[in-house]
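By our numbering, the letter at position 29 of the first sequence is numbered 1269, and the numbering carries on one by one without gaps.
Honestly, the hints are just simulated from the structure, not real lab data.
Please read all numbers here as calculations on a predicted model, not as lab measurements.
No residue lacks a Cβ here, since even glycine has one placed at the ideal position from N, Cα and C.
Treat the hints with caution; some may be incorrect.
List of simulated lysine to aspartate or glutamate pairs, EDC-like, C-alpha gap at most 20 Å [as the list claims (entries may be wrong)]:
no.	residue 1	residue 2
1	Lys-1323	Glu-1299
2	Lys-1260	Glu-1361
3	Lys-1410	Asp-1394
Label-pair restraints from in silico Cβ distances [to be verified]:
no.	residue 1	residue 2	range
4	Lys-1316	Pro-1534	17 to 27 Å
5	Pro-1245	Glu-1361	28 to 38 Å
6	Thr-1550	Glu-1361	19 to 29 Å
7	Lys-1549	Glu-1331	48 to 58 Å
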Amino acid sequence: MLQVPFIRDNKDLVIERLAKRNIDAAEDINQVVALDEARRGLQTKLDNALAEGNKLSKEIGGLFKSGDIDKANVLKEKTSQLKVDSKELTEALNNTTSALNELLYKLPNVPNKLVPSGNTEDDNEVVFKEGDIPILDDDALPHWELAKKYDIIDFELGNKITGAGFPVYKGKGAKLQRALITYFLDKNTEAGYTEFQLPHLVNEASGLGTGQLPDKEGQMYHVAADNLYLIPTAEVPGTNIFRDVVVNEIDLPIAITGYTPCFRREAGSYGAHVRGLNRLHQFDKVEIIRVEHPTKSYEALNGMVAHVKTILQELKLPYRILRLCGGDLGFTSALTYDFEVFSTAQDRWLEISSVSNFETFQANRLKLRFKNSEGKNELAHTLNGSSLALPRVLAGILENYQTKDGILVPEVLQPYTGFKIIN
RNA sequence: GGAGAAAUGGCAGAGUGGUCGAAUGCGGCAGUCUUGAAAACUGUUGAGGGUCACACCUCCGGGGGUUCGAAUCCCUCUUUCUCCGCCA
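Let the hints inform the model, and build the full structure from the sequences given.
See below:
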């Protein structure tokens, strides 16, 4: 959620930047400013009424003590009108505040100046490209065929047990997946991230905290009996660690990593590109999360990008990095870099990581602050990224490492798998 | 799942209707003493909002109620602990 004081002071900039997302926010922004002014006016009036009431109560207390009941009763009369007033003011204040919040919840984050304008993923800007795209035989197979051929992933079995999008990994497939998870976690902890094991279900407050609720309600699986949501990403439990927290400035930055399964309903996304591992309802992901000082967050974002790069370099996978355009930028993000790995047999790029700086957008909802050098509480910046999303990395490995004799295991993973080839 | 108890400042722990935002201890901070440190002693120290700074408002697990006035009384929810049952 955007900060009202920031909107107040930078009205034109906010409107101009939000235009990168192809939205005309002028009306909403003006309304935010107006509602905020009304809110503050009501708050002052209410505070004054309450102060008056407090004063009278104290006087009445004193009069009762000294036995001056008549005078006390006169003052009591006076308080009744005050009570009516403050009740009305409270109601008006609540109405104004919720109207303001409703509006604020609807407004996405203000894009960073680097964000290119554009509508669709075609307008994303390729900022980096690395790795050779292997030249495969004519009879090279897409990963879902390979999965069947070597009996390492069973899509139909998942279908039977649960439904489409819940594959079953078997034998060397399961082992390779586990090897990747461990490898990613090791890389992350080596880079200074502390490993966490987090809950896979979250409550409503956590969903609100990271911005999945209220706007993306339909994308999460909901456990109605207990009003809990299955996490769509470790970002939700991971970032909510810091909900309602004031950290010390010297404790920044905070860097954590965690492996979790992720559950996404993916309502409405059917079509040509959802085969095999490309789009699942349940998948595994290792996430990195940072809490940063506002002056350091973009440096940190670059650091996260560099970190993910080293992993892909070690895996020797061809990949590219995109700077997301305004139209493709997530609701809560100010700047996002997507990593895509080239899926040779499908002849297309697959998104395997998304690294974002949310600046204070999440921190504002979360009330995640740090005590600055002046002793004042200030909102921290939050960032997160995938390192990495498993299924598509797996798809990339299977397709790019296929040979006539089988699928080779990338060298860095061999200590983790204990085998060099899947055949 | 059943029965009972509890939730107060960084922590421990008083406080059952009126100068209580809250005793006391520990911790923190500052000082005295000391070559330095420790100990001892003295002072200081809850949080959030608001203000240039004050004023002022809010907060004793969450929400609601009674009252001129609630940490204190009532309702409700949540969480924790103890005992019993079940159990990976």
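Please flag the earlier hints that this structure goes against, numbers listed from lowest up. Failing hint: just 4.
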